[in-house]
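Please model the entire structure based on the sequences and the hints provided.
Take a look at the letters that make up each chain.
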Amino acid sequence: MKGITKFVIADILKNRIILFYALILGVFSWSIFSLEDNTSKGIMSLLNIILLTVPLVSIIFSNIYMYNSAEFIELLVSQPVKRSAIWTSLFIGLAIALNVSFLVGIGIPVLLFVPFMTGMTVIITGMLITTIFVSIAMLCSILMRDKARGIGFSIMIWLFLSLIYDGLVLFFMFQYADYPIEKPMAIFSALNPIDLARIQVLLQVDVAALMGYTGAIFKKMFGTMTGYLISLILMLLWIVIPFLISLKLFNKKDL
Amino acid sequence: MKIMRRQLPYILTSILAFVLSYSGETKSIFVGPSKTYKAIRPALMAARDYDTVFVEHGFYKEGNIVINKKIVMLGIGLPVIDGDKKYEVVSIKSDYVVFKGFHVQNSGFATLNDPGGIKVYDATGVVIENNVLENNFFGIYIQYGKKCIIRNNRVKAYGVEEQQIGNGIHCWKSDSLQIIGNNVQGHRDGIYFEFVTHSIIWCNISKYNIRYGLHFMFSNDDAYINNFFDSNGSGVAVMFTKNVIMYSNTFKNSTGDASYGILLKEISDAEIRGNRFINNTSALFLEGANRMLVHKNVFNGNGWGLKIQANCMDNVITENNFTGNTFDVSTNGSLVLNTFNNNYWDKYEGYDLDKNGIGDIPFHPLSLYSVIIENNPIAMLLYRSFMVTLLERTEKLIPSITPENFRDDRPVIKPFDL
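Line by line, the protein sequences give chains A and B.
Residues 0 to 254 (numbering that gives the first Met the number 0) make up the first sequence, in order.
Residues 0 to 417 (numbering that gives the first Met the number 0) make up the second sequence, in order.
Quick caveat, the hints were computed from the structure, so don't treat them as lab data.
Don't take every hint at face value.
Distance condition first, Cα-Cα at most 27 Å in a straight line; then the derived DSSO-like pairs of lysine-lysine [unchecked claim]:
hint, chain 1, residue 1, chain 2, residue 2
1, B, K346, A, K40
2, A, K5, A, K247
3, A, K40, B, K34
4, A, K182, A, K5
5, B, K99, B, K85
6, B, K68, B, K34
7, A, K81, A, K5
8, B, K346, B, K395
9, B, K295, A, K40
10, B, K37, B, K60
11, A, K251, A, K81
12, B, K84, B, K60
13, B, K413, A, K40
14, B, K172, B, K60
15, B, K395, A, K40
Set out below in structure tokens:
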């Protein structure tokens, strides 16, 4: 398993796209922080990248990689290696490669320019988001045998989670504005990993505003220690569940 | 000159007679464990107008101490006067009393007659200085006071609920007071003014009070300058008042629902200059405020910089720095009767081609989302999501929900040095 993981990481690094990704992220975040003397504004610009670009790149890259490795996987399956070991090491390899480039690109400047607690929140949520979308991509690739459909499906998932979902939440908020919908809405947004990540960063940056009218719910739901733990667990579930489903499907799949 | 010279002997003799007559009468009375008077009350009985009573370090528990003569009370080594949680500790009922250097603690609790640590009844020229007041229902209470000075006192209580604790420095129906350099903590309102006129509040620190750091009601022609308000329930409230001057104060950490750096309600003709608003949920809240001048203030890191309700008019907001606020401005209607000019907004994205330091296109400080949140607070949940950013951008280009004339025509490119 270790060997396969190592091989996957080396293979990903060889095709240089991931290095380019790290470079682009680095250029973005360095230029944001060196041009902007107001760190909280910088964090906000960076947040848009983390919530849009990072999931998109993670899901598309992992998805294409999985399709391209189909022959390699077939080859491995014919060897005396457990199927679950193959799948898990592919996942770990992809996750490590993408997370490392995220850390190099965004992690370093964030640690240098941003207050520690806020910076750590940004980095941890970014890494979780990366891993979540790797996991979702693997599920997509196993669900669809056809490459075009698989990639299309993963783009749809990305679009849904980063845009349409918020639109739905906003729509429900206005439709049911006369009812006490605070709690259901908070729970509803907590189900989306991108929203969860955004709210965690928001809690670091816009503390003063969040202490306002909705603050009580916000703080109670997400800001306390249990809130943090629940957010973390929800995001971990987003990693574990798609991956386990894909693993189960892969174990049974007739290649 | 001639007249002066002729009158001089008379004037001199009369001054001499005056001085002699009093120097013969005034005396110093000492209270202390090893002195003639072991307790304060008998010493006060023996004292006459213009005497000085020195109280040495010790513990005095004598119920209610009433000062009804024009005397100077001096504590040596911070003697403790205790109210046993039953009595009003010190009552000053005479003009020109000086009360200095005591530790007054544990007054009674009663909502009917509001006992205080030190309470002044209907007196002129009272000086209350360098005292420590601890765990009293009301700290220092002035009613019908004139020209009183309250200086360098430390007032501390451990209030938990609004109903169970009084105010730190409470002034009612008074005139020409000076509240200087006091430190008030843990009361209901740090400093409370009701029907107090021509007074100054200068260099005080008001922290951790349950309701307001400073509370003004019906108090015209007052000034508060250079005070520091930190972590109070709602910062400062100024209500139903005119001609107030607020200079160089700091309002910090008033966070929570309905918490404001300054809450202004039904105010007119006030000037707010050189204040710093840092990390409040709402820094400056204006409701029914007219003809105010808000300039040279710093709004930094607040949830809302300025909440200006539509019932405010003729206010001028100019030369302020708005930096790092979640929302710079919000309002509850579309009517705009106020002027925004020459402010620095860190959210301004315009350009300055002629390099005169003033942006070439106007800035709309009212963001779409602040309007949405005003009507539907739960929408805060979606703030800074891509969806919302998109909506905001569209609204910036084509204002449809936010009032078009709500704008700063001359936004400044560089922040003011404030």
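Against the structure, the hints come out as follows:
Using a Cα cut-off of 27 Å, the hinted pair K346 (chain B) and K40 (chain A) holds, with the two alpha carbons roughly 9 Å apart. Straight-line distance between C-alpha atoms of K5 (chain A) and K247 (chain A) comes to about 23 Å, which keeps the hinted pair within the 27 Å bound. Distance hint between K40 (chain A) and K34 (chain B) is unfulfilled; the C-alpha atoms sit about 68 Å from each other, more than 27 Å. Between K182 (chain A) and K5 (chain A) the CA atoms are separated by roughly 45 Å; this puts the pair beyond 27 Å, and the hint is violated.
Taken as a hint, the K99 (chain B) and K85 (chain B) pair is honoured in the structure, with Cα atoms around 23 Å apart against an allowance of 27 Å. A threshold of 27 Å between alpha carbons decides the hint, and for K68 (chain B) with K34 (chain B) the separation of about 22 Å falls inside it, so the pair holds. Proximity of K81 (chain A) to K5 (chain A) is assessed by CA-CA distance (about 17 Å); at most 27 Å being required, the pair is judged to hold. Proximity of K346 (chain B) to K395 (chain B) is assessed by CA-CA distance (about 12 Å); at most 27 Å being required, the pair is judged to hold.
For the hint linking K295 (chain B) to K40 (chain A), the alpha-carbon distance of about 23 Å falls within 27 Å, and the restraint holds. Distance restraint check for K37 (chain B) and K60 (chain B): the Cα-Cα separation of roughly 11 Å lies within the 27 Å cut-off, and the hinted pair is therefore satisfied. For the hint pairing K251 (chain A) with K81 (chain A), the CA-to-CA distance comes to about 12 Å; that is within 27 Å, so the pair holds. In summary, the hint linking K84 (chain B) to K60 (chain B) is supported, as the alpha carbons are separated by about 11 Å, within the 27 Å threshold.
Proposed proximity of K413 (chain B) and K40 (chain A) is supported: the alpha carbons are some 16 Å apart, at most 27 Å. Between K172 (chain B) and K60 (chain B), the direct Cα distance comes to roughly 30 Å. Violation of the 27 Å bound is thereby established for this hinted pair. Between K395 (chain B) and K40 (chain A) the CA atoms are separated by roughly 18 Å; this keeps the pair inside 27 Å, and the hint holds.
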